[in-house]
Amino acid sequence: MLATLILNIMFAIRRRVRNRGEVRKSESLTSATRRRVITLEGVTKTYDTGAGDFSALSSADLSIDSGQFVAIVGKSGSGKSTLLNMLSGIDRPTSGLVEINGTVLNDLSENELAKWRGSNLGLVFQFQQLMPTLTILENVMMPMDFAGSIPTRERAPKAMSMLELVGISDQAGKFPSALSAGQQQRGAIARALANDPPVIAADEPTGNLDSRTAESVLELFRELAAGGKTIVMVTHERDIATSVDRVVTVADGHVLGGNTPAPNAAQVSAAVSHG
Amino acid sequence: MVNPRWRKVLRDLTLNKGRTALVTAAIAVGVIAAGSILTAYSVITREMDRNYGDTNPPSATLRIDSVDDDLVATVKARPEIADAEARREILARLEQGPDEWLTLHLVVVDDFDDVTVGRFYPEEGARVPKSDEILIERSSLTEVDMGVGDDIIVTAPGGSPRSLSVAGLAHDPGRTPAWMIGVVVGYVTPDGLAGMGIEPTLNELQIVTVDNKDRADNRRIADALVADLEAGGIDVQRLDVPLPGEHPSTGVMTTMLFLLQAFGVIALVTSGALVATLITAQLKQQSREIAIMKAIGAQTGQIAGLYLGTVAILSVVALAIGIPLGILGGRGFIGFTFGLLNFEVESYRLDAWVIPLQVASALGIPLLAVMIPVTRNSRMPVRELMSDQGASSRATCPTSAGPRLSSRLGRVTALGIRNSFRTRSRTALTVLAIALGGAAFMVALNTGVAWDRAVDAEFDAREYTLEVDLDQPYPNQQLEQIISDVPRIDAVEMWNQYRVAIRLPQGGAGDNFGLLIAPPDTDMIDYPVTEGRWFEPGETDAVVIAQTLDDPAPAVGDTVSIEVEGIDNSWAVVGKVRQLSGGRTGVAYASNLPAGVGAEGSANQIRIAGDEAQSAMNALEKRLAENGIDVINIATAADGREALDDHLLIIVGLLMTMAILISIVGGLGLIEAMSISVLERRRELGVMRAVGASTAKVLQVVVVEGVLIAGISWLAALAISVPATVAVENITGNLFLQAPLPISFSPAGTGVWLAIVIVLAAIASAIPALEIAETPVNQALVHE
Numbered sequence: 000m001l002a003t004l005i006l007n008i009m010f011a012i013r014r015r016v017r018n019r020g021e022v023r024k025s026e027s028l029t030s031a032t033r034r035r036v037i038t039l040e041g042v043t044k045t046y047d048t049g050a051g052d053f054s055a056l057s058s059a060d061l062s063i064d065s066g067q068f069v070a071i072v073g074k075s076g077s078g079k080s081t082l083l084n085m086l087s088g089i090d091r092p093t094s095g096l097v098e099i100n101g102t103v104l105n106d107l108s109e110n111e112l113a114k115w116r117g118s119n120l121g122l123v124f125q126f127q128q129l130m131p132t133l134t135i136l137e138n139v140m141m142p143m144d145f146a147g148s149i150p151t152r153e154r155a156p157k158a159m160s161m162l163e164l165v166g167i168s169d170q171a172g173k174f175p176s177a178l179s180a181g182q183q184q185r186g187a188i189a190r191a192l193a194n195d196p197p198v199i200a201a202d203e204p205t206g207n208l209d210s211r212t213a214e215s216v217l218e219l220f221r222e223l224a225a226g227g228k229t230i231v232m233v234t235h236e237r238d239i240a241t242s243v244d245r246v247v248t249v250a251d252g253h254v255l256g257g258n259t260p261a262p263n264a265a266q267v268s269a270a271v272s273h274g
Numbered sequence: 000m001v002n003p004r005w006r007k008v009l010r011d012l013t014l015n016k017g018r019t020a021l022v023t024a025a026i027a028v029g030v031i032a033a034g035s036i037l038t039a040y041s042v043i044t045r046e047m048d049r050n051y052g053d054t055n056p057p058s059a060t061l062r063i064d065s066v067d068d069d070l071v072a073t074v075k076a077r078p079e080i081a082d083a084e085a086r087r088e089i090l091a092r093l094e095q096g097p098d099e100w101l102t103l104h105l106v107v108v109d110d111f112d113d114v115t116v117g118r119f120y121p122e123e124g125a126r127v128p129k130s131d132e133i134l135i136e137r138s139s140l141t142e143v144d145m146g147v148g149d150d151i152i153v154t155a156p157g158g159s160p161r162s163l164s165v166a167g168l169a170h171d172p173g174r175t176p177a178w179m180i181g182v183v184v185g186y187v188t189p190d191g192l193a194g195m196g197i198e199p200t201l202n203e204l205q206i207v208t209v210d211n212k213d214r215a216d217n218r219r220i221a222d223a224l225v226a227d228l229e230a231g232g233i234d235v236q237r238l239d240v241p242l243p244g245e246h247p248s249t250g251v252m253t254t255m256l257f258l259l260q261a262f263g264v265i266a267l268v269t270s271g272a273l274v275a276t277l278i279t280a281q282l283k284q285q286s287r288e289i290a291i292m293k294a295i296g297a298q299t300g301q302i303a304g305l306y307l308g309t310v311a312i313l314s315v316v317a318l319a320i321g322i323p324l325g326i327l328g329g330r331g332f333i334g335f336t337f338g339l340l341n342f343e344v345e346s347y348r349l350d351a352w353v354i355p356l357q358v359a360s361a362l363g364i365p366l367l368a369v370m371i372p373v374t375r376n377s378r379m380p381v382r383e384l385m386s387d388q389g390a391s392s393r394a395t396c397p398t399s400a401g402p403r404l405s406s407r408l409g410r411v412t413a414l415g416i417r418n419s420f421r422t423r424s425r426t427a428l429t430v431l432a433i434a435l436g437g438a439a440f441m442v443a444l445n446t447g448v449a450w451d452r453a454v455d456a457e458f459d460a461r462e463y464t465l466e467v468d469l470d471q472p473y474p475n476q477q478l479e480q481i482i483s484d485v486p487r488i489d490a491v492e493m494w495n496q497y498r499v500a501i502r503l504p505q506g507g508a509g510d511n512f513g514l515l516i517a518p519p520d521t522d523m524i525d526y527p528v529t530e531g532r533w534f535e536p537g538e539t540d541a542v543v544i545a546q547t548l549d550d551p552a553p554a555v556g557d558t559v560s561i562e563v564e565g566i567d568n569s570w571a572v573v574g575k576v577r578q579l580s581g582g583r584t585g586v587a588y589a590s591n592l593p594a595g596v597g598a599e600g601s602a603n604q605i606r607i608a609g610d611e612a613q614s615a616m617n618a619l620e621k622r623l624a625e626n627g628i629d630v631i632n633i634a635t636a637a638d639g640r641e642a643l644d645d646h647l648l649i650i651v652g653l654l655m656t657m658a659i660l661i662s663i664v665g666g667l668g669l670i671e672a673m674s675i676s677v678l679e680r681r682r683e684l685g686v687m688r689a690v691g692a693s694t695a696k697v698l699q700v701v702v703v704e705g706v707l708i709a710g711i712s713w714l715a716a717l718a719i720s721v722p723a724t725v726a727v728e729n730i731t732g733n734l735f736l737q738a739p740l741p742i743s744f745s746p747a748g749t750g751v752w753l754a755i756v757i758v759l760a761a762i763a764s765a766i767p768a769l770e771i772a773e774t775p776v777n778q779a780l781v782h783e
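Chains A and B, in that order, give the protein sequences.
Residue numbering for the first sequence follows numbering that gives the first Met the number 0, beginning at 0 and increasing consecutively.
Residue numbering for the second sequence follows numbering that gives the first Met the number 0, beginning at 0 and increasing consecutively.
Hints are computed from structural coordinates only; laboratory data are not their basis.
Ideal Cβ positions, reconstructed from N, Cα and C, are used throughout, including at glycine.
Misleading hints may appear alongside valid ones.
Covered by chain B, according to a simulated footprint, are these stretches of chain A (three or more residues, beta-carbon under 8 Å) [to be verified]: (1) 36-45; (2) 83-89; (3) 101-113; (4) 135-144; (5) 188-198.
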């Protein structure tokens with residue numbers, strides 16, 4: 000009991016210090032080339048389960064600037080995917096504010112959220128979740144089709160350029176089942192980039208890949224971040240710290256840290272171990 | 000270029016060929032049913048009106064001693080009358096074999112080349128018979144074995160038997176076909192009639208009014224004509240004013256068209272429910288794909304559009320298949336009914352509304368049916384869709400009931416039962432689709448039983464086995480004397496019957512109907528009294544009416560004025576009996592002969608009870624002829640039953656066709672629902688296999704689930720069928736028999752449907768389950 004109380008107090012102190020630091024850092028970046036893209040304030044998510052209410056996320060605060068490649072790490076069930084769901088508008092907070100690229104997601108209906116995602120946020124999942132009955136090229140064209148912001152004639156060449164960007168343009172006409180897991184994940188990233196959104200949210204995009212393929216996907220994200228995209232990635236990768244600009248650790252529904260540079264590999268490893 | 004999302008739709012359709020085929024088949028069956036019905040409705044209503052209208056049927060028929068050309072010309076000259084023609088129609092006898100006679104409805108026509116009222120058409124052979132020839136109406140060939148060139152013996156009341164040669168066949172679409180009433184129709188000239196020993200006068204004046212649309216107007220015109228004729232000294236013995244444009248078989252057709260429409264709607268609703276079931280299953284299977292599409296920007300309308308588009312595409316395919324097959328089915332049905340009703344189809348042209356209505360129903364009903372599940376799934380939040388497992392993983396039994404169920408039925412059976420309730424909304428839709436099919440099946444069979452019971456009740460109430468109509472009243476004593484020589488007769492009663500009509504307060508008279516005067520203590524009939532009472536001993540001037548009497552339909556307690564043989568008499572209506580016979584116009588019983596009608600102690604009808612009606616009939620007819628007594632009609636009760644059964648042939652045939660069609664739709668739904676349900680559980684069944692479940696155990700789980708759903712659908716079908724049966728039996732009875740049918744249920748139909756759904760459910764569940772049981776566990780476990 001006492002240990003939990005102390006731990007909670009420590010978490011609170013650390014959160015306050017970190018947030019102050021983030022605000023300061025963000026202000027300094029804004030003054031230079033970066034601007035605030037993602038803001039979560041006091042976000043809490045509680046689920047009604049058969050066994051009673053379960054708090055997946057508690058008073059989470061998080062700010063991410065444009066062009067950052069941020070990893071969200073934590074143990075299974077820590078709330079990291081819930082956090083990603085909040086900032087991608089896939090799920091709604093029970094309380095708190097979610098503001099992405101100037102849009103407060105809390106105010107949007109389910110339909111408006113979908114429309115907003117189409118132009119503002121690209122999503123990449125662990126299991127690529129490509130449409131099995133569409134070719135890779137068609138999969139990439141699909142978000143353009145939904146958003147309708149790119150003229151019809153331009154969609155195929157644009158989708159092809161996305162596939163070139165991720166290095167699988169030679170697979171454009173194939174169905175997902177004919178591609179390797181890594182190629183499929185690259186296809187999924189190309190799809191996420193289809194409408195040129197400023198933010199890419201990825202939920203364990205390397206979780207199902209071998210280490211070599213996973214590294215190539217991370218390299219792709221690094222390149223995208225360098226190009227100005229904001230990348231937020233939930234991951235279990237133990238040595239992620241060297242790949243990203245910043246690591247945000249989530250434990251028991253609390254956002255513990257978001258330092259730049261990222262904590263060392265041992266710290267991350269401790270945070271993500273299933274222990 | 001097709002958008003990727005529509006390419007997805009098209010590829011999903013081609014990838015899931017089985018489901019695509021089933022949804023298309025479900026819609027197509029609805030389209031075919033609706034198309035057949037709409038085609039039949041469109042063509043039958045038009046062609047029946049045309050067939051009948053082209054004959055220029057009389058607006059009224061006046062019975063006069065003698066109608067000559069001058070009288071016809073005078074009547075024709077009246078401004079409100081468009082046409083008039085003289086005829087004679089008498090009931091004669093036709094020898095079918097030694098001592099075997101059939102009733103022959105003999106139509107006497109003066110000028111066969113100029114028939115303008117009640118036209119009939121030459122079909123084969125001569126168009127005008129010579130004096131020793133006769134034309135036979137073509138539908139009569141079902142009743143008697145004869146052909147053009149054959150010689151037949153004919154005798155008419157007051158005449159003598161004469162051999163006539165069948166010179167040709169005629170087609171008379173204005174009459175009830177022979178098979179329905181068991182009467183042969185023949186046409187002769189007045190010379191032909193004279194040859195049979197009968198005065199060749201024409202005694203019917205048929206008139207057609209200029210408007211000929213309203214029965215009251217026709218009656219008013221006919222009454223005025225009757226008044227003028229009687230003022231001029233011409234005695235009009237009888238006046239018939241039929242409903243304008245209403246063919247004698249209208250009752251059958253109206254009932255049939257009502258049933259067609261009712262079952263058409265049921266078929267469409269059933270196919271709609273089936274489509275909804277299948278699309279709901281697809282939505283569940285693709286919930287993750289929907290989630291991804293929403294995650295990458297698809298809006299609610301775009302997702303809904305994909306699935307509604309899927310249904311629309313399949314509806315179009317179903318229409319392409321269903322429209323021609325529907326038209327073919329409709330034509331087949333028209334051919335069948337028109338063949339039975341003795342009509343000719345001039346054109347199968349469809350009314351302009353048929354195809355648009357078919358398209359609207361084929362597109363509209365499935366789209367309407369899937370609207371709710373599609374909208375609900377399209378609106379679901381991404382996270383909810385992502386975690387949707389297709390079947391609910393929550394417990395479905397109360398915590399206390401679960402263990403009880405397991406301990407009583409065994410764990411595997413209990414699992415099957417619980418599984419049935421995991422996808423409740425889809426289970427409900429499946430149950431509805433199958434239940435509607437089942438209910439229609441049961442209603443069809445129930446109504447068939449009700450018809451049988453109605454006919455049974457009618458004939459149970461008839462204690463006589465033989466009915467003989469004579470051309471005029473004969474002394475009872477003479478008749479009894481003749482009959483006493485005829486063997487195999489147990490009881491005899493002397494009756495009288497007259498064709499009468501009720502005088503209307505506003506002038507004129509209602510429909511003609513048969514007024515029967517039986518001995519007060521008659522043992523020959525025992526129709527149930529539905530209102531009021533039967534006659535009391537010694538009661539006079541009272542009538543008991545059949546409930547089918549409807550123009551006018553007096554109430555018990557009313558006093559009515561009925562003219563019998565030109566003599567008006569007031570009668571108190573003391574009761575109503577349930578009697579179906581008597582035709583569309585009904586029948587009534589009178590307590591006594593009115594004063595001045597007939598002769599005391601005489602009868603023009605004999606009712607006889609005995610075991611061997613057929614041989615008694617032959618012997619009696621011979622004896623009556625030997626004694627110079629002319630028989631107009633003689634028929635056994637069995638003949639009457641056959642005629643009534645024949646009337647119902649189309650209705651019962653139609654009911655069975657509809658039952659089979661709808662049970663196909665319901666059966667399709669059951670098979671598909673069971674298959675989907677099993678395939679959805681592939682992973683769970685893989686887990687069962689992984690922990691050691693044998694093939695038999697896997698089968699047990701799914702078959703229990705299937706059989707339970709089938710059982711629930713059967714109960715639902717039973718529940719739906721009860722009010723539906725009452726409605727259909729009431730409506731068809733009233734349309735066809737002017738009285739509701741006795742509410743009846745067919746235990747056989749109910750049992751057969753239970754057996755069908757149980758067997759289908761077991762097979763439909765077992766086949767995919769066996770397939771899964773043979774799939775390696777690792778493959779079953781990775782199934783999405």
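Each hint tested on the structure:
| no. | hint | result |
| --- | --- | --- |
| 1 | 36-45 | violated (count 0) |
| 2 | 83-89 | holds (count 3) |
| 3 | 101-113 | holds (count 3) |
| 4 | 135-144 | holds (count 6) |
| 5 | 188-198 | holds (count 4) |
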